[in-house]
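**Q** Generate coordinates for the entire structure from the input sequences, incorporating the hints supplied.
Protein chains: 6
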Amino acid sequence: MNTYLEKAKVLIEALPYIQRFNRKIIVVKYGGSAMVDEELKRSVIQDVTLLKLVGFKPIIVHGGGKEISRWVSKVGMEPKFINGLRVTDKETMEIAEMVLGKVGKSLVQLVEGLGVKAVSLSGKDGGLLKVEKKYSKGEDIGFVGEITDVDPQILYDLLEKDFLPIVCPVGLDKDFNTYNINADDAACAIARAVNAEKLAFLTDIEGVRRDPEDPKSLISELHVKEARELIANGNIGGGMLPKLNNCIDAIENGVSRVHILDGRIAHCLLLEIFTNKGIGTAILGEGEENYYDGK
Amino acid sequence: MNTYLEKAKVLIEALPYIQRFNRKIIVVKYGGSAMVDEELKRSVIQDVTLLKLVGFKPIIVHGGGKEISRWVSKVGMEPKFINGLRVTDKETMEIAEMVLGKVGKSLVQLVEGLGVKAVSLSGKDGGLLKVEKKYSKGEDIGFVGEITDVDPQILYDLLEKDFLPIVCPVGLDKDFNTYNINADDAACAIARAVNAEKLAFLTDIEGVRRDPEDPKSLISELHVKEARELIANGNIGGGMLPKLNNCIDAIENGVSRVHILDGRIAHCLLLEIFTNKGIGTAILGEGEENYYDGK
Amino acid sequence: MNTYLEKAKVLIEALPYIQRFNRKIIVVKYGGSAMVDEELKRSVIQDVTLLKLVGFKPIIVHGGGKEISRWVSKVGMEPKFINGLRVTDKETMEIAEMVLGKVGKSLVQLVEGLGVKAVSLSGKDGGLLKVEKKYSKGEDIGFVGEITDVDPQILYDLLEKDFLPIVCPVGLDKDFNTYNINADDAACAIARAVNAEKLAFLTDIEGVRRDPEDPKSLISELHVKEARELIANGNIGGGMLPKLNNCIDAIENGVSRVHILDGRIAHCLLLEIFTNKGIGTAILGEGEENYYDGK
Amino acid sequence: MNTYLEKAKVLIEALPYIQRFNRKIIVVKYGGSAMVDEELKRSVIQDVTLLKLVGFKPIIVHGGGKEISRWVSKVGMEPKFINGLRVTDKETMEIAEMVLGKVGKSLVQLVEGLGVKAVSLSGKDGGLLKVEKKYSKGEDIGFVGEITDVDPQILYDLLEKDFLPIVCPVGLDKDFNTYNINADDAACAIARAVNAEKLAFLTDIEGVRRDPEDPKSLISELHVKEARELIANGNIGGGMLPKLNNCIDAIENGVSRVHILDGRIAHCLLLEIFTNKGIGTAILGEGEENYYDGK
Amino acid sequence: MNTYLEKAKVLIEALPYIQRFNRKIIVVKYGGSAMVDEELKRSVIQDVTLLKLVGFKPIIVHGGGKEISRWVSKVGMEPKFINGLRVTDKETMEIAEMVLGKVGKSLVQLVEGLGVKAVSLSGKDGGLLKVEKKYSKGEDIGFVGEITDVDPQILYDLLEKDFLPIVCPVGLDKDFNTYNINADDAACAIARAVNAEKLAFLTDIEGVRRDPEDPKSLISELHVKEARELIANGNIGGGMLPKLNNCIDAIENGVSRVHILDGRIAHCLLLEIFTNKGIGTAILGEGEENYYDGK
Amino acid sequence: MNTYLEKAKVLIEALPYIQRFNRKIIVVKYGGSAMVDEELKRSVIQDVTLLKLVGFKPIIVHGGGKEISRWVSKVGMEPKFINGLRVTDKETMEIAEMVLGKVGKSLVQLVEGLGVKAVSLSGKDGGLLKVEKKYSKGEDIGFVGEITDVDPQILYDLLEKDFLPIVCPVGLDKDFNTYNINADDAACAIARAVNAEKLAFLTDIEGVRRDPEDPKSLISELHVKEARELIANGNIGGGMLPKLNNCIDAIENGVSRVHILDGRIAHCLLLEIFTNKGIGTAILGEGEENYYDGK
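Sequence lines, in order, name chains A, B, C, D, E and F.
Each residue of the first sequence is one higher than the one before, counting from 1 in the UniProt record's numbering.
Each residue of the second sequence is one higher than the one before, counting from 1 in the UniProt record's numbering.
Each residue of the third sequence is one higher than the one before, counting from 1 in the UniProt record's numbering.
Each residue of the fourth sequence is one higher than the one before, counting from 1 in the UniProt record's numbering.
Each residue of the fifth sequence is one higher than the one before, counting from 1 in the UniProt record's numbering.
Each residue of the sixth sequence is one higher than the one before, counting from 1 in the UniProt record's numbering.
Hints were generated in silico from the structure; no laboratory data involved.
Incorrect hints may have been included.
Intra- or inter-copy, both count: the list cannot distinguish identical chains.
Stated by the list, open to error - Simulated crosslink set (DSBU-like; lysine-lysine; CA at most 35 Å straight-line):
(1) Lys134 - Lys9
(2) Lys133 - Lys161
(3) Lys243 - Lys174
(4) Lys117 - Lys9
(5) Lys117 - Lys243
(6) Lys243 - Lys133
**A** Here you go:
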């Protein structure tokens, strides 16, 4: 009986968080290890499906990660590079779009296996993501796009009809050409457009460190102002820099809270939302309190 | 970390049950010890509120229990009895109505303290419960009513507007006189009228026993047919007999499953719904399987 | 035939007033003699029900009046006083809530007897009335609350679903404790929150007098500015002062017209609304004309 | 004061009837003297507008009466007759349509003068009335149509949007030619199509007599069965025969009650609906009771 | 086959225009030759019906033209004149209203013959057009009204319910007297009130000329500023002056584009909307581009 | 001018067909040459987009055709065959799904380029298509599925929200494995599930021939009964047999009319729907008339 009672207590502990996020939109950027490891994959899908069932409105934005590279080499294509960046020529774009589509459908499959109706989209569907060509230091790196406009209508319509939308970062420019988009950017732009309550990035790191070299300097809460200072002081480097800029951007455009979660931890999403065990780093606007402390 | 992961797993285990009862109406007859013990009271309210938040549509039907007797004696009234039954004269009815109203508001208070909007009603509000006078072996026992009609519109309206309805068993006859109603009967009539998915009685017993004298003969699942046989064989007695008849009546009128739960166990509602640990006795229709076993 | 024709003419005369208040919210503060005298009680309920049926949206706010005192003494409690004010300790509050609930249900009963569906609420239901503790000259007088917030959603929902809401003045503070509220204050706060077209107080006086001592100085129309002057000049005293302040407050917060009616006159509500015979005193905003005169 | 109280009582007496017909459709066939006498005209319009305002859903169906004849002679046309019936040739039809249109707009004008929005239609609008040519004993009497189909959508739409529909009896055949229709027939067909609660004919007689010659034999209530017998026995003659047949037809097709009212009595509609003074003859289905007697 | 393919291409060419005006309101002032010539009449009705079916929301506003004069003389009335203007006395107004009603119903007939539901209204219906008396140089010319207020609710309601509204220019003053209104003015006022995308006048001229005497000076596009200059320079005269003022007024009050079309050309409406062949003169606001040129 | 007038006439001729199919669902099976030839592709998309804009509700169901084979060989896979049928092993299925996804998105792109919002789905999205494994003469040919259930909710939801749904024939079995489905079967099953008015197959043949060898024996209209006879007599062979069976199946399950169109003719869809030039073969139910002949 004790065990059962413990279980009931866990559910009861979730009550205030369920109440807090009831009918709120939560954008989950899904990528990294959590997309490769089958166990982690299942745990992410379970988490998101649970969030959906208890009344949240999650939207998944996913990349294609290593799967794209795998298929590019599978068809024997030669990668080209400019400034160290892979050039997305027409053929690469075609493969990327195919792989991203496949990944989206496989997520639909997993979600529906848990009894929730899902629909996978690219940014083309319903005119969701409009882009313009992006250059790297002025050089043409092919069909890589920067988001200029988000039309969230299709997302609102699917949420209203109780579907779980799953989006891959492909968009059209004004001449209706296809472009690849950085998945973090897409998640951030969508979170802004739908005024998400929360934006969570599943990453392969523990979170933001005050000192990149010191694992003990992990920051569990970071106000936008501090984040800017860390950037200004050069303490943030590598792949974290654009991600953190995205977080700041999201916060300043109406998203209440952004999380950089360690996607290598099973159920990190649930842990973050339903327990007071902070996973990774939460980015907050000025004057925001940690709601796990007070009321 | 382990503990946290355990918690996440508990939540994940709840997924299929949350999905199963999504937007289903669950009528909870709240009474007995669970209404007296403050700890149990809180656990029931937490359970019902959680059910509401994760997408179920609970309706509470409550009695006033010992509180009515307490107030009757408080004002120094002399109880009258016929056939061993307390006679509900006009003054007693007045007190009963007042006490039931107060109990309802106190439940509203507890539910709203957990962040969910509730409304407490009597069967008078919105013409919910219509009754006619009930006699005991032909003798007048005062304002004790038998339900003749349920108009569930007010319940549907409140559920649609996302309130948690809390109902006390008082109704009007066709001349608009006030009557007291047995709370079990009211819960059953309401469950039938709204086609509830589940009707759960919180009681002060462990469940139905095959042999009333033998605690080991507790039945965890009982098909209507067997229930009838137990009654026919005289194995069911005392207060259990009308309750079991109510259960059979509910099942035969569209309620999918009725539970006689041991309200003395904290969180018995959650345990029953979210775990495969059966609490008390489930009454099933013919051909119904225990959904915790198979798919 | 003549009599019948006269009747038809009376109905026809009501036409412009019915048209004027079609779908407008009218808050009726119900109290005083009209709550005690059975004949007057029936006349008020008939009036409000008629208003409902011809397309107005009335909301009743009622007190418990002498009934509360009667029950307090019935249970043999000793009243305590501070500054001449009765102290509402926990037990008194409990009785007050019970009595107010009973009164509300009795009004539901009368309204439903006339064929209209009603629902009685306290300010706890749907989180309608939020209060904070009120002190008398700095001294604690117990659970007497001042309204800090009104959430009119439950009222809008019930009106939309065609119920007649009946509200008693009990509310919760931020820690979910129960408080008694002055019924006039509650009526005024609710009228403001729902932007009522009209707020009518049923009182035991003829109306506002220019000279409290002179019955002939009854004022049938009073602009807010004059009302303020009367108060400044000390011409308004006793129980009328807070009531008149409430009226001014309501007018200044969007209620179009407030009436202090003589509740001792049968059908005073209908007379006020459907005839050009002014009953009591109407409080008007600046620039408002008496609509019974002109178009 | 007495007078005022009397007025209030009249309004209160109307309560049960207002409640009874709340949101019910009432078709009023408007014609005869009540269309000519200005005083009666105003009284009919007042009655219908009042019915609309207190929550009924009236639809007026009107003829053009003597006004058509007046305009036919005004333009100097020679009337042609067959079997004693006026032949509606193309030109006559044109004038009839114009006059009926004008009458409709003049009713709109009167209704809107009382503050209710009205829309006047012919049976052409929204395809309301479809007809086929009607012959008199096999002979062609021109553009006189018999209703074959009613599409009540435009009426439902206008009622939903809170307009008072006013219909004149002109329709189209399947080749979209214009036909005149008997106004009684049109009222009856529309009442059937919208499942009206009541159909009232304003006529120039006192009602149905058991003996056409004996004014004292006026029948105030007539069950369909008796009506048939009266017809079979030849007791019903002249203009009353088709009218009574229309009444029987309406009752048998879902209209609850049909009234033949004496339109020469001011406010006969209100008197019929709001008092127990029967005006004219009520035709009832089998088993229907006079609701003014009992409950 | 070639012919068929050509047909398909014509339909495909219409695609961008259909898309452009999807669900937009287009007010068509219907008058002049197009109302007299049966062939042109049919072509206008076909055009408007097609616009309705492909998703536009057309509203027709029509005059009665020569038909009114014809009926005035038919009844042998003597025309009176003041300042060279016909005086609309009560009798003339009566005939005008009848004729306009008849014209409206005949248009309903034609539209419904093409399978679309229509409703013809005057400005009295639903209180659509409110007017005040208009004087000619200070002299009373009878029941000629100037629009003071438009209540477009009935138009929105009919459009929502998928009817095609057909309006004739008759309105009521504040005392509910009937007035005739200039049809161009009515069309313009309605276009403004419903924020029409387009307002098209079917006229008996080719369009606006830079030099009234020179047919070659036809202007196909005219910005408001230029229009004002033409008027200031006295280049616009006769019947064109009020029409052009109406156009300017419409553009300045939210109508996107106004067209003065040559109603003597069959299908001028379709040609204007679906081809890049300009018919007549388009009046544009400042900064508006001709959308047939660019995108 | 003549040319323009001709154009207007073509649009006017389309009127009855636009009216006929207004708000009707039309399922278009898109495949064959029309998917390969860029010119034809554009013409199909233009046709479907036009249908959408003029008020029809088209749904596209497409295959992947030769593109799948191209990609299978591109990644150097060895095709396996059983009974002459390609075996769809897991890897082939993966490629098929990717290619079908890509094709869907490219159609979205084309439709949105014409100004209409589209969403491409597979049968996984929203649980649209449920399948079970299909065997070829008892032998396992891999992930080839037969449709067992269609849940059209996502299609209704997208149509309601005004999107054009584009579906590729991939589905899930009860264990949530991915299967390829014959596109004709998918189109037919969807047409049945949504009660489509029309189902049109774009094929690479002229239509059904009475004698497969004789081009002159093309049948333009075929009643179900005759179709069955042709099959029974062995006159239908090759790829036409299953297609014709699908047609019969669709007609017998509520689809009003099925068309086998020659997709090699530009704008064959428009020609079929908007002209009386029959393209290919129409399959009709018993008693259905060719609506291009009669009314």
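**Q** Are the hints correct? Go through all of them and say.
**A** Hint check results:
1. In the homo-oligomer, the alpha carbons of Lys134 and Lys9 never lie at most 35 Å apart, since the shortest distance is 51 Å inside one protomer and 38 Å across protomers.
2. In this assembly of identical chains, the alpha carbons of Lys133 and Lys161 lie at most 35 Å apart whether taken from the same copy (34 Å) or from different copies (30 Å).
3. Proximity of Lys243 to Lys174 under the C-alpha cut-off of 35 Å is restricted to the intra-copy arrangement: shortest distance 27 Å within a copy versus 40 Å between copies.
4. When the C-alpha separation of Lys117 and Lys9 is checked against a cutoff of 35 Å, the pair qualifies both within a copy, at 29 Å, and between copies, at 22 Å.
5. For the homomeric pair Lys117 and Lys243, the shortest alpha-carbon distances inside one copy (30 Å) and between copies (31 Å) are both at most 35 Å.
6. Within a single copy, Lys243 and Lys133 get their C-alpha atoms as close as 20 Å, which meets the 35 Å cut-off; across copies the closest is 45 Å, which misses it.
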